[in-house]
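Peer 1: All chains, full assembly: derive it from the sequences and hints.
Number of protein chains: 2
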Amino acid sequence: MTRDDCLARDAADPLAPLRGQFDLPPGVIYLDGNSLGARPRAALARAQNVIAREWGIDLIKSWNTAGWFELPRRLGDRLAPLIGAAAGEVVVTDSTSVNLFKALAGALHVQAAHAERKVIVTERSNFPTDIYMAQGLSGWLERGYQVRLVDRVEDIADAVGPDTAVLMLTHVNYRTGYQHDMAALSALARERGAVTVWDLAHSAGAVPVALARDGADFAVGCTYKYLNGGPGAPAFIWVPRRHQAQFVQPLSGWWGHAAPFDMAPHFAPCDGIGRALCGTQPIVSLAMVECGLDVFAQTDMAAIRAKSLALTSLFIDLVETRCAGHPLELVTPREPARRGSQVSFTHPHGFAVMQALIGRGVIGDYREPAIMRFGFTPLYTSFADVWDAVAILKDILDREDYDVAARRGVVT
Amino acid sequence: MTRDDCLARDAADPLAPLRGQFDLPPGVIYLDGNSLGARPRAALARAQNVIAREWGIDLIKSWNTAGWFELPRRLGDRLAPLIGAAAGEVVVTDSTSVNLFKALAGALHVQAAHAERKVIVTERSNFPTDIYMAQGLSGWLERGYQVRLVDRVEDIADAVGPDTAVLMLTHVNYRTGYQHDMAALSALARERGAVTVWDLAHSAGAVPVALARDGADFAVGCTYKYLNGGPGAPAFIWVPRRHQAQFVQPLSGWWGHAAPFDMAPHFAPCDGIGRALCGTQPIVSLAMVECGLDVFAQTDMAAIRAKSLALTSLFIDLVETRCAGHPLELVTPREPARRGSQVSFTHPHGFAVMQALIGRGVIGDYREPAIMRFGFTPLYTSFADVWDAVAILKDILDREDYDVAARRGVVT
Numbered sequence: 003m004t005r006d007d008c009l010a011r012d013a014a015d016p017l018a019p020l021r022g023q024f025d026l027p028p029g030v031i032y033l034d035g036n037s038l039g040a041r042p043r044a045a046l047a048r049a050q051n052v053i054a055r056e057w058g059i060d061l062i063k064s065w066n067t068a069g070w071f072e073l074p075r076r077l078g079d080r081l082a083p084l085i086g087a088a089a090g091e092v093v094v095t096d097s098t099s100v101n102l103f104k105a106l107a108g109a110l111h112v113q114a115a116h117a118e119r120k121v122i123v124t125e126r127s128n129f130p131t132d133i134y135m136a137q138g139l140s141g142w143l144e145r146g147y148q149v150r151l152v153d154r155v156e157d158i159a160d161a162v163g164p165d166t167a168v169l170m171l172t173h174v175n176y177r178t179g180y181q182h183d184m185a186a187l188s189a190l191a192r193e194r195g196a197v198t199v200w201d202l203a204h205s206a207g208a209v210p211v212a213l214a215r216d217g218a219d220f221a222v223g224c225t226y227k228y229l230n231g232g233p234g235a236p237a238f239i240w241v242p243r244r245h246q247a248q249f250v251q252p253l254s255g256w257w258g259h260a261a262p263f264d265m266a267p268h269f270a271p272c273d274g275i276g277r278a279l280c281g282t283q284p285i286v287s288l289a290m291v292e293c294g295l296d297v298f299a300q301t302d303m304a305a306i307r308a309k310s311l312a313l314t315s316l317f318i319d320l321v322e323t324r325c326a327g328h329p330l331e332l333v334t335p336r337e338p339a340r341r342g343s344q345v346s347f348t349h350p351h352g353f354a355v356m357q358a359l360i361g362r363g364v365i366g367d368y369r370e371p372a373i374m375r376f377g378f379t380p381l382y383t384s385f386a387d388v389w390d391a392v393a394i395l396k397d398i399l400d401r402e403d404y405d406v407a408a409r410r411g412v413v414t
Numbered sequence: 003m004t005r006d007d008c009l010a011r012d013a014a015d016p017l018a019p020l021r022g023q024f025d026l027p028p029g030v031i032y033l034d035g036n037s038l039g040a041r042p043r044a045a046l047a048r049a050q051n052v053i054a055r056e057w058g059i060d061l062i063k064s065w066n067t068a069g070w071f072e073l074p075r076r077l078g079d080r081l082a083p084l085i086g087a088a089a090g091e092v093v094v095t096d097s098t099s100v101n102l103f104k105a106l107a108g109a110l111h112v113q114a115a116h117a118e119r120k121v122i123v124t125e126r127s128n129f130p131t132d133i134y135m136a137q138g139l140s141g142w143l144e145r146g147y148q149v150r151l152v153d154r155v156e157d158i159a160d161a162v163g164p165d166t167a168v169l170m171l172t173h174v175n176y177r178t179g180y181q182h183d184m185a186a187l188s189a190l191a192r193e194r195g196a197v198t199v200w201d202l203a204h205s206a207g208a209v210p211v212a213l214a215r216d217g218a219d220f221a222v223g224c225t226y227k228y229l230n231g232g233p234g235a236p237a238f239i240w241v242p243r244r245h246q247a248q249f250v251q252p253l254s255g256w257w258g259h260a261a262p263f264d265m266a267p268h269f270a271p272c273d274g275i276g277r278a279l280c281g282t283q284p285i286v287s288l289a290m291v292e293c294g295l296d297v298f299a300q301t302d303m304a305a306i307r308a309k310s311l312a313l314t315s316l317f318i319d320l321v322e323t324r325c326a327g328h329p330l331e332l333v334t335p336r337e338p339a340r341r342g343s344q345v346s347f348t349h350p351h352g353f354a355v356m357q358a359l360i361g362r363g364v365i366g367d368y369r370e371p372a373i374m375r376f377g378f379t380p381l382y383t384s385f386a387d388v389w390d391a392v393a394i395l396k397d398i399l400d401r402e403d404y405d406v407a408a409r410r411g412v413v414t
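Sequences listed follow chains L and Z, in order. So for the first sequence, my numbering puts the first residue at 3; every next one is plus one. So for the second sequence, my numbering puts the first residue at 3; every next one is plus one.
All clues stand as given, with none of them false.
Identical chains blur together in the list; that is why a pair holds if it fits in one copy or across any two.
Straight-line distance between alpha carbons at most 20 angstroms, and here's what the computed EDC-like set of lysine to aspartate or glutamate pairs gives:
| hint | residue 1 | residue 2 |
| --- | --- | --- |
| 1 | Lys63 | Asp264 |
| 2 | Lys396 | Asp6 |
| 3 | Lys63 | Asp25 |
| 4 | Lys396 | Asp7 |
| 5 | Lys120 | Asp157 |
| 6 | Lys396 | Asp319 |
| 7 | Lys63 | Glu370 |
| 8 | Lys63 | Asp405 |
| 9 | Lys120 | Asp165 |
Read the hints as simulated data drawn from the structure, not as lab findings.
Peer 2: This is how it looks when you write it as structure tokens:
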């Protein structure tokens, strides 16, 4: 494998033209789309239109004429095919954390008749906010719910038992890139009387997701990573039709009311996915989510997955061959089916090495403990990018050109 | 009073120059800033900078370098003086509904030792989402909380008793513009062992608010109305320092953690107002909130209040004199201290009359039952606007130039 081989693969890549729909700064190899997706070129004009015309000129009328009120549902319908959901089952709204609270509450409500089921099972390695939201919800319910943290994937099956109300998992692990078998774990949970809540933060737009086919019960996810919705863009929640009638959640704001403009003094949830809505949404940030979805509409998740696996396999191969001898350890599964669209390596000085990479234009990120994360986003990452990133990594490691005293800041 | 008198008042108005900092379409008299504030001219450039530079070029680094992570706190500190709060007591985040849930939960937690206090008292005429959120929260707690709806302001005192945990009120009523006496009602609640939760949706930026001086316990509010933050811009929550240590709320996401980047598997709330945060925020919508606050920083709430009362008094006088004989009924208090910065009149064909006004460029809005709302925003409403709006209203009524069959849409 040479850099020319990579260029040849880029020339043959059917997704290569889509890179032109993103604005990336020159001199940067951006391998952090798993944290904050790159900017679709269309996003700026879209925001300008919302701000200058819809807000500035049409003002309050835009709630009707620009479809602001319908935006969470309309974007949800556009996002649905990417996660194997149907129209009318997804809304884009609020934050992932808030949506997880709704989904967990809805899941506990579905299980309310089973008083003996008082445990939410999840992984200790889950993204912390998921664990915190489960702890927050269970701590407030006097029935005595608890959150059970499982240490290893292979222990999940044993942890789901007659006491389990909910199995809550993040489909692709944010640190390791490990991808759960959604079908098998959903079936396991169902057999044991538990319902599943899936967090798709690192799955939506990254790997094919088939929520309905795989028998998931509820799901939430993020639009600002692989879906390129913009910093902190509103998240999504999926409630399949079969659960909607009994979906009850405590964040019962007016946007989820059957007749919000009747201004009645008692809450009555609307039919359908709208009952997962709560309050008024940040329209400018929300509107830009569509620009990312517009790019996805020009391809499909099968093509994205094929290139994603080619990129991550190439990266693993190149790091392991070209950086051999350095204390790098792969923590991402080698088996393609168990891998998301990121690759993580540990290094004893992982934080410092990542800072050195960033200083040389290779933007990945770092997660405790000692993990360097590299996200591969088939819409705008090339095979030559992978080659060049590894060449820079090799140079940094060979010359020990990193500062072990580098200080950490915040990165989300 | 003539139109020339109004022009003279505009010429003498110290706030008149601030109108130039807002973009308003020509030919429009915008009296709906109580629903969606007008666009500060600076908002477009601010959003462009966030999208093109901070997101597009600096990408993930902007969480640090552009201060994205600190934005809820920084904007909260800037907003605090407008509501009589101190720095470190306010964050701008999430929606008003979600923040109300946090504030109510925090208030119930403060009262947890008083098992006999199981009632949240509020008004039947409160904005519905406030009632819905209280119903949603109380319905989920097995202790048997209930929401008590009071029909008349004068009955609030009787409704707050030994069974009351929380008195939850919207400071200025969204329909009538009635302004509660925050100091008196907070004192009453405190004497009777209840804590107060105030919704400042129609107060922040509209009337002087003195949360600390008036003895309020918790507050939430909106930035997209009088504060001109943009459509659906994130809301705010106030937790005074004296309550922060015991402020516990179930939406315990990672942004409220003491060490969010340690990625620990157990929630530990941070010190201070940060524990009112939950998940990742919509940065573009959030950043624009500052453009509205920048305008407020050039004046003060006393000057705004003086002009607000002059505008609303003039509007009431002109409508009642020039439109005498038409079935208009003032539902906003005549007493200045009991009035917010809006004026509401009922008319048997209120919806149709409002549609006719909008058709002629006078943008107010309509709320059931039969109420036409007119918001007066001293930063960009002139005395001549008031004169002209009444002249158009008079013409519509005199000529019965409205369509009683007009259909309703959604308006927030």
